[in-house]
Amino acid sequence: MLRIDDLSVHYGGIHALQGISFEVPEGKIVTLIGANGAGKSTTLKSVVGLVKPSGGSISLDGERVSGLATRDIVRRGVVLAPEGRRIFPDLSTEENLELGAFMRDDKVGVAADKKRMYALFPRLEERRKQKAGTLSGGEQQMLAVARALMSRPKLLMMDEPSLGLAPLIVKMIFDIVKAINAEGTTILLVEQNAKAALEIADFGYVLETGRITMSGPGRELLADDGVRRAYLGESL
Amino acid sequence: MELSTFFQQLTNALSLGSLYALIAIGYTMVYGILRLINFAHGDVFMLGAYFAFYAATSLAMPWWVAFIVAIGLTAIFGMGLERVAYRPLRDSPKISVMISAIGASFLIENVGIVVFGGRPKSFPSIPLFDTVLHLGPVSVLSVSLFIPVITAAILVALLWIVNGTKTGLAMRAVSTDLDAARLMAIDVNRTISLTFGIGSLLAGLGGIMWTMKYPQLNPLMGVMPGLKCFIAAVIGGIGNIPGAVLGGFLLGVLEIMIVAFLPELTGYRDAFAFVLLIVVLLVKPSGLLGKHQAVKV
Ligand SMILES: Nc1ncnc2c1ncn2[C@@H]1O[C@H](COP(=O)(O)OP(=O)(O)OP(=O)(O)O)[C@@H](O)[C@H]1O
Ligand SMILES: [Mg+2]
Chain A
0 MLRIDDLSVH
10 YGGIHALQGI
20 SFEVPEGKIV
30 TLIGANGAGK
40 STTLKSVVGL
50 VKPSGGSISL
60 DGERVSGLAT
70 RDIVRRGVVL
80 APEGRRIFPD
90 LSTEENLELG
100 AFMRDDKVGV
110 AADKKRMYAL
120 FPRLEERRKQ
130 KAGTLSGGEQ
140 QMLAVARALM
150 SRPKLLMMDE
160 PSLGLAPLIV
170 KMIFDIVKAI
180 NAEGTTILLV
190 EQNAKAALEI
200 ADFGYVLETG
210 RITMSGPGRE
220 LLADDGVRRA
230 YLGESL
Chain B
0 MELSTFFQQL
10 TNALSLGSLY
20 ALIAIGYTMV
30 YGILRLINFA
40 HGDVFMLGAY
50 FAFYAATSLA
60 MPWWVAFIVA
70 IGLTAIFGMG
80 LERVAYRPLR
90 DSPKISVMIS
100 AIGASFLIEN
110 VGIVVFGGRP
120 KSFPSIPLFD
130 TVLHLGPVSV
140 LSVSLFIPVI
150 TAAILVALLW
160 IVNGTKTGLA
170 MRAVSTDLDA
180 ARLMAIDVNR
190 TISLTFGIGS
200 LLAGLGGIMW
210 TMKYPQLNPL
220 MGVMPGLKCF
230 IAAVIGGIGN
240 IPGAVLGGFL
250 LGVLEIMIVA
260 FLPELTGYRD
270 AFAFVLLIVV
280 LLVKPSGLLG
290 KHQAVKV
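Protein chains in written order, with numbering that gives the first Met the number 0: chain A, 0 to 235; chain B, 0 to 296.
Keep in mind that a hint or two might mislead.
To give an idea of the chain B side of the interface with chain A (calculated C-beta under 7 Å), a few residues [said to hold, decoys possible]:
id	residue
1	T175
2	A184
3	A270
Hint data in this document are derived by calculation from the structure and do not stem from the laboratory. Cβ atoms here follow ideal geometry from the backbone N, Cα and C, with glycine treated the same way.
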């Protein structure tokens, strides 16, 4: 579905991505793990066109999307739940969900999806009219995920959804990611919580300072000594 | 002071306040969405008046057609201004955009002097607006009654657009987080353009109403009202539409009332705005209806 080829990104003099290539096959969960500053967010931002690559190509279903405006990429079914959630704090929970469905014109379908989100995250329903900025961190993350789903994405990309959340909430979010995937949405998950991510991922890539250094099925990476030492904090 | 004089001044104050409010809304909307003070806004106001003048005189359009054409042209001009002077600098430091705004303002004023001529022009009289009405002992110019009514109608329409429509939702999203708005597939450029269009439309309408009340046009006529309405927007809490209206009214009413009750201060009339600004900012730095805003990092 998504194919990244020799992608390079520069921020001024910083060479943040130094020619990475990877693939996200349709219907799978793929995860990208790596330390701070490895270039994970940069990769996702490049896919949605928020960052302009300096080289390489990004294609979706065989069609080149690098260079397109963000809204055109989003309209093709790629959605990003960004790092730090980036919900709209002054708008209500419900308005945030409506913004997630901004590109859709089918009012009936949107209303139905809103109901579905409230069923998935009952806490959001209780806070429908509340300003999103007053929600707790966990609730804001639920909102970010729900907002992303409101566009009915083909490919859902999530940037560190577990950041700063209690283990119980993390588990809940990951369970939902699995459920969404089971319903047919392809997932690209960026995480520092390597263990949780690799456990649910079909395939994983390890990103180190702008290069992919390792890749393999999630379970395999989880068992790899190098990965365990570097990302799972285990001393072997 | 007699009661009739008081009412006389009150209608004056309300119509001036409404005019200030109309212009202040444009400042506040643009600031809300781009965090930019559109220094050329007062000049857009001036253009509205001139467009109407030429449409009504040189093109001999009926006044109401001339007004509609002029307001439309002003809106288009505002969108063009954004396109040429601000959009190319979207990712530049704030100071560059500000300099561009100041430059645009001077450019419009000076081109205005060249094209329209520096000598003031007077707007032909329109009976509907020019009639003196006698309401008991109070006599007012009919335009002074129209202005507050039009302003009120516009405010209601505007609040509906911003809070009740999808376009308004997009505006509010763009004004909080540009990139997050892009991720919602919002057409950010179009939304910003529209905001400039609405703000300029109101400035154009304000300019026309202004010349109905004070029928003299000159290319620098937008400078002082522009400055005062910017102050009105800050007093009300910049970025907040009802705040801009409140600030505009406050300024208009105080200005008229002080001149009416303390005639010896008339010479300082234009300075009241600044005094009021300082007082309000000392008491409430974010403006009367503004919310406390953390500095964006
Ligand atoms: N806007 C920017 N301007 C300059 N440098 C940037 C910018 N954004 C990111 N970088 C740099 O690019 C590199 C990769 O950053 P990126 O945000 O992609 O890392 P990350 O893997 O997401 O890290 P984290 O886990 O901390 O979120 C870092 O060295 C960072 O400092
Ligand atoms: Mg990151």
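Handout entry: Numbers of the earlier hints that this structure fails to satisfy, in rising order
Key = Hint 3 contradicted; others consistent.
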